[in-house]
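*Asks:* Could you slot chain X onto chain U? The hints should help.
Chain by chain, the residues run as shown.
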Amino acid sequence: MKKVIAIVEDEPAIRDNYAAAFQRHGYAVRAYGARKEALEAFRLRLPDLAVIDVGLRDEPEGGFELCRDLRSMSAELPIIFLTARDSELDAVSGLRLGADDYLTKDLSLTHLLARVMALFRRIDALTQPSNRDQIIARGPLLIDAARLNASWREKPLGLTLTEFWIVHALAKNPGHVKNRQQLMDAANVVLDDNTITSHVKRIRRKFQAIDAAFDNIETMYGMGYRWKEG
Amino acid sequence: MSLRAKLVLLSLLTLLLPWAGWRYASEMESTLRRGQEQALLTTAEVLSRVVASEPELLYRTREARELFDPTHGDLFAPLLPMQPLVDGFADEWPAPARPVPGVQSSDQQSPSQPLIKLGVHDRSMHMYVEVAAPAVVYDLPHTDETGRGPGATRLIVLTRDEFEHERAWSISAVAPGPLLVHPCEIGAPWRPLTEDAPARLTGVWRETAHGYAIELKGPVNLFGAQLSVHALDPQNNVQSQTGLGWLHTGSELLRQRLEQYAPNDIRASVVDVNGWLLARAGSIRANTPQTSYPGLREDSEGFVRSVYRMLFARKQTPVQPYGLPYGMWGPPVDEARNGRTRAIWFEEAGGEPSIVRAAVPVRYGERNLGALVIEQPGEQLALVREVALTRLLNMTFVATVFTVLVTLVFAARLSHRIRRLSRAASTALTPEGRIEASIPGTSAADELGALARSYDMLLNRVKEYTNYLQTLGSKLSHELRTPLTIVSSSLENLASEAPLPQAAQDYVTRAREGAHRAHAILTAMSEATRVEQSIEHTERTKFDVSEVLRNIGEAYRASFHRHRVEVEVADPPCWALGSPELMAQMLDKLMDNAADFAPPGAPVTLSLECDARTYRISVRNEGPLLPPQINDRLFESLVSGRGSQAEKPHLGLGLYIVRLIADFHHGTVAAANLPDETGVIVTVELPR
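Line order of the protein sequences matches chains U and X.
Just so you know, we're using my numbering here: the first sequence kicks off at 193 and counts up by one.
Just so you know, we're using my numbering here: the second sequence kicks off at 82 and counts up by one.
Isolated chain U (complex conformation) (with noise of 0.2 Å):
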């Protein structure tokens, strides 16, 4: 069956667009242009992945509110933001609110496409065994690659799937010094120095919560991040 893809985005083109990408890689897609309409159509069935738009037409903050109506109906449903604005504090509610990724509209639909299919993955390994190969442990840090997890001294961290991405580049390779350009590579994102700032802040902070010690992540200034060995 194919995995249906709902895209709540006001800008017909865009929408378009991105519908005709998604159905090309098979997936089933239904697309909405306002909140209301979307939401209707969510409470008779959920769709298995949520590509919103901040912005819908006359409600500036429209995306946030379905976010947060979706997240009410299931805690799993991956839930992606696809804006234009790309200010952090747009970002960091957004995330806040339960996406799981955030994401500006610069994002080639090739990146997209890889995102979302990460989502998928991320969802169908939960529920198959962990497979080891693709299990990185770094002291506390347990990455499972398969199921796009992380945790840190066995609590799940929660992170982004760019957070994810991040973390995994830089624990794949301890000690290697990551510039800003191969992080932005390993997340499939392009994103512009600060902003890879802010989500390293993120990260620590996530990190932080579990463990207020937490200082493996390096900044080598002008360089990159890389992960030092506790």
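Hint data in this document are derived by calculation from the structure and do not stem from the laboratory.
Don't take each hint at face value.
To be verified - A few chain U positions that, by computed beta-carbon distances, are all more than 12 Å from chain X:
#1 196
#2 207
#3 232
#4 280
#5 364
#6 366
#7 368
Stated by the list, open to error - Partial chain U-side listing against chain X, Cβ under 7 Å, derived:
#8 279
#9 285
#10 301
#11 303
#12 330
#13 334
Remember, predicted model here, so these are calculated numbers, not experimental data.
We treat Cβ as the ideally placed atom computed from N, Cα and C, and that holds for glycine.
*Replies:* Using the frame of chain U, we list chain X on its own:
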């Protein structure tokens, strides 16, 4: 000159008030003066008619009026203010206040002529004679009837009345003391006339250093119209004598008449045609009115008083001696004697208050009999004026002080408001290029309020405009992102479709490259906004600036391979509070900038200097100098010193981001040309 000083100067115009008041008081005073003069002259006129109605009171004889001339031996007997003690001494006799021709004084005594002083008091004639004599021989107490005694020093007083009837008295003494007076035959003074006894002359004989002096008194009518004195030695030879002179006297009756008619507080005097004082009556009290102004009494001397005297010079004539009690010579009496009326204000002098003196001629028919002089204290008027002026001055002084103070406060308030406004206007534009300050005083209803309101409106509009400009980047990037996404997603879809012809594939590739570049530009445009946002969310941590610089320098060596990156960093750690990430971002911008301007292969130097107070991070490059016109605005938003031919878009945000980050670290940033003018150095100074 400040507004305050100008207003205070203006308020000094209130000083015109006392001046106007002074003018008014002066006018008032001269009116009052004229009034008083007129009243006085009228009184004098009336009195003069009273006096003229009894001309016989003025002159005892016609000759006294027409022929009297003391320089030719005529004698004047003034009214004596008090009765002399008949004791042979002339001390209590009044001397004229100034030399009067024909009136002898004791020090100009000549041996050939006895010194004679005459005076009238009440109804008595007082006479004082001083004679120079080599020796004095006294009479015997019991001279026989024949008078053929041994002889004695004697004085013969001879009078002649208007009927040419002559009488003589022989005056001698048995010793210094009472006189022996008896009428005598003219030509034979030793022979007494018995029929005329007793003589009503009494007196005292006194010996002096040069001879003797005689003081005597007798009824006025005993003395005739003419008088002469002859001093005889014991052998009845004339030692010295005076010629027969006309006798002119003051008039006791006239004095009484004046006393009777003259009003209170007025002194009236009558002088004859030659100025000789005939009568003087009435007294002038030195007024001491009870004013509520201490220091304003006529006789008091105080600071305020002296100020007034200095400010208001009196229109008064200084007193000159008149020659009292013999006569009154001087204005206005002289004019009156010549037939003109006049009043003059005199200063106070000699114990008398300042007085106004009016003189009118005394006319009998066509004939001028003399002058009547009336004197009245004038200080009452002066006091009225001074009291009025004092009140005026005090009040205007208070008013002036009050006005100046109010003006000062007003001016201070005004200039404070203006300064506040100009300060607000000059600081409205923050160094970041934002308009933050609000204009104070916009609620005031006056013109300054209107000015403040228009400033406020102007600033608000500039603010809106600036905000618009500053958010234009992110707005544009936001608004353009959607259509760009349409383009790029469409292109991607197109590329994913069934294989395109090679030519179409090329076009798609180019279009995607273009879209990619457009994306990059949009991202750059909103960079400053994102930096500001991330600064807001950045926590300050302690970090080692020198370590950051060393690391980043290493990184730059790799990434800026077209230039020689040199790092000059001191070894000791330089701890600072802030964000190393932001610091690195700032250095990125500075390095980008420096590398853009430095010619390939040229060194770009990154250095850190630490001193006691500050860290100085600087980036130095060879290359073109700073454009002088935007030097100080280089670090503002949307200001770029670059030409438009650069291949990368330059929105003038790079150095603005540097400034934002320097500000976050409480530091300052400045750009300058190198001293040798080979390049540029940008220095960021952070406090330790």
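*Asks:* Among all the numbered hints in the text so far, which are the ones the structure does not match?
*Replies:* 2, 4, 9, 11, 12, 13
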